[in-house]
Amino acid sequence: MLTAKSSVLGGLISALALAACSGLPSLAASRRNAGRMISTTLLVAGCALGITVLAGYWLGGAPSYIWSLPWNSPFGPPQIRLDALAAFFLFPVFLIAGAGSIYGLGYWAQKNHPASGGRLTLFWGIMTAAMAMVVLAGQMVVFLSAWEIMAMAGYFLLVTDDSQPNVRRAAWIYLIAAHLAALSLIAMCVLLHGMTGTFALWPRRLPADPGGISVAVFLLALAGFGAKAGLAPMHFWLPDAHAAAPGHVSAFFSGVMLTMGVYGLMRVAAIFADPPLWWGGTFLTVGAGTALLAGIWAIAQTDFKRMMALSSIENMGIIAMALGLAEIGISTRSPVLAALGVCGALLHMLNHSLFKPLLFLCAGAVIHAVHRRGVEGLGGLARNMPRTFTVSLVGALAISGIPPLNGFVSEWIIFFAFMVAGSTSGPQATAALPLAVLALCGAATFAAYITWISLIFLGRSKTDATAIAHDPGRSMLAPMIVLAGLCVVLGTVPAALAEILNRAAGAWSPAGPLPDIRSIVPFHIFTVLGIVLLAGAAIVGIALRRHRSRRAMPAAVTTDLVPAFAAVETWNCGFSPRVGRAAYTGGSMLQMPTHWFRSVIRPRWLRPRIEGIFPLPAEACRESPDPLLDYLINPLAARISRTVDRFRRLHGGKSQIYILYMLLILLILTLSIFVTA
Amino acid sequence: MFASLITKILDVVILLMMPPLLPGIINRVKAWFAGRKGPPLLQTYFDLRRLIGKQSVISSATTWVFPAGPFIVLGMVVTAGLLMPLGPAQAPIHFEGDLILLVYLLGAARFFTALAAMDTGSSFEGMGAAREIAFAVIAEPALFMVLLVLVTAGWQSSGVSAVHSAAGGLSGYLSLSTLLLPSAHAVVSGRMQAALILSAVALFIILLAECGRIPVDDPNTHLELTMRHEVMILDNSGRLLAAQTYASSMKLLILSALLVHLLLPRNAGLTDLSVGAWILCLLGMVLTVGIVGIVESFMARLRLKLIPMLLASAFLLGGFAFLLLIG
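Chains A and B, in that order, give the protein sequences.
Residue numbering for the first sequence follows the numbering used here, starting at 1 and increasing by one per position.
Residue numbering for the second sequence follows the numbering used here, starting at 1 and increasing by one per position.
Just so you know, these hints were derived from the structure itself, not from any lab.
Check the hints yourself; a few may be wrong.
Derived contacts from chain A toward chain B, CB cut-off under 8 Å, selection only [to be verified]:
hint	residue
1	460
2	582
3	590
Note that the coordinates shown come from a computational prediction; the quantities given were computed from them, not determined experimentally.
Virtual Cβ for every residue (Gly too), placed ideally from N, Cα, C.
Take these sequences, add in the hints, and give me the full structure.
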């Protein structure tokens, strides 16, 4: 007779094992498609099993489970721990891993990439299992091992296309950042052990602040988890890595891997039952700074995968802001603020791991179709790729927070939390001021995604590159449609998640139960609004479709709403209409805000000199690299490596010498014990 | 119950019938200052009737976004209008946090206007859309700042001890219909009045920008260097143009109603059904657009590079007002 606990454990372990081993057939038969198909089937089966187990777990009331492996390691028995918060973060891992691997069948087809396809599949499965393990880990060694495996698997996924020098460079930077993060987390775990005396994760509701150690734990966690989530200034690895990886890997990274950082931050935020006020303030400030910078940088990008990566950073900043509000709510004993903040953070995390992978998959489909990355020279693809256009539009609307899509609900909750924070007396009312940052980010996201959609899909094509483009095959389209559908469903029926949010928030809360989110957020109004707006859109759509079936001219559009029509060229004030090259480009569309914020963006203009009577053809372009990388991280790294260079002569290169060093250090430590005693 | 039904019906009637009057008022004011006779007050109504019966010309470069856009915009703006109390009574739809939805609906309208403009593939429309979405980057934070001031002031003047009780209930001071109701404010301090006046000035600047009026945009032309709204709808004709025109005049109504409600005398015995209060609100809106007309008569458009400064000053005014309140 299986108990609920052991069946959940068995299910999850089998799901993880299926995922982790799924790449082997593909590796064994790298020249054939069959191996890849078996691998993908195994992975999808594992993910489906995982999601089923999670569904059962939620229906069973989401109790808190701890399993210890009876194994006498020096660090205590390895533990796995599942509670409502962990289950909340597990869902996107399984969903995006499954959807992305199906997409990868078409995007990174085995017959086109026989060498890298098998490797990609292998590490995809390992990455999935490792991320699930990061969330499930209940003990420091398990956690740190899973974290490191995740980081390394991520590296190998990132260098899939290792013939490109920019890919290798991005992967190198990623590796550095991943190790910096891991180092901070090892130090954090050591300090946590010093504070609590156990190796178990995650301590919760510790009574009082024992002093300086907690400050160090907080800052190390912020650095380590912040680097993974992409909080500034530790985000420097992120834009290049997302731009360099294949489309579905970018989707996996930004949809799921970044949320591992958020997960860690949430766990650390819940250590103390009465956290100091500056913790929340720091989350809020770092989040606001990240969101502001990334939101502004995003509008200056002309490589749309880079733009989307920056918008991921911006969303992580927004989540950190919401978490900050929750933490302030706990510190100031305002359960409403805490509930709004944590539910806003969780829901926005979930929404982001639906619409951002969707957008990356759409971007991948466009790259797949036209074989180029920038928005320049594209246009008019809505005609060649109508399905991709529709799902891309859903993604863009969702991330811009247009009702009734899912991004709106979580942004509404976070705005609402800010307004509640503003209606408290005392200095904590200033916590409401980052509201302006959130508004600016919203408008900047708008601007970036309108530009993306319209320059790729609307208007007329500027070059021939789009002529042969067509919708991708079924294996690529299906995951996109599923994610787009989830965006619509969660936006229209957010109440379906209310109970899950309540339990996850309760599992997070370091200070007793939080109020029911349904008593604060009018989910039913969003449902009514969603139904009304969708019905309106359907009416407009049906009217458009009816006239399309009886259109008179091939390219013309008529509608029932527009009774009589005449199809002509776009009015161009008397000039020749066929000047696609004169249309707006990625560079010109957002030139104005780029210019306003030039001190933050620091764009670089590459203008060739035009000389002589018969000048050669020349091209001018604008680049917007990461200013923090150029002006802060790189000089700092150079300085550190200069300093460290002085110790290089201590490196003999022979292991005996290093063992001698260890012996000496141990000797000194032993002596120091005698001296102090 | 009966009274609230009457006020709601009145609200919807005003929302649907009054918008085209406002551009007419602005034009009459401008004509009066220029010494001209000017178009009839009801000219926009005539225009709309004429446009609905007209043939539409649709560019062959467009997809379904272009013909669908104006109707989606109209739907979003009408929904937003239903959240805004136009008179001294509650709006037809109201709930905690409806003010955030209002801003998002207006944003959605902007999204689809810009998208439909880009669908034509013209560089003129591209220019208008580029400017529209760029200005929003500064105008949106300013608008949210004004709303934050409104929320904080509303809560402070309510006399309620906290917006949220420890048990989790909210006291209603996060809804436009409560915040703007003149009868719902018990304590009004001078500091609060000052903050509200500051944010009203900020809101007036935002109104000029959002509705495409001088000095931010010139509604009379699309062939000028500061063109924005008019150029985005350059390719619209017939019913599409009618939907866009009607929606943009309704946006003017919504924002001027918000402005009027910021400045309504609080705690002065104005109730839901008092005829005087309704007339006061409507007169306020007429006066607001009248001031827009006066501004348009006496100012030229600003140079494009100065517009972000103007919008940033609106944001700063909102920020000062907030600090004044919580200080």
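Hint check results:
Evaluation of the residue 460 of chain A hint against chain B yields a held restraint, the C-beta minimum of about 4 Å falling below 8 Å. Below 8 Å, beta-carbon pairs count as interface contacts, and residue 582 of chain A has one with chain B at about 5 Å; its hint therefore holds. Evaluation of the residue 590 of chain A hint against chain B yields a held restraint, the C-beta minimum of about 7 Å falling below 8 Å.
Comparing the model with each numbered hint stated earlier shows that all of them hold.
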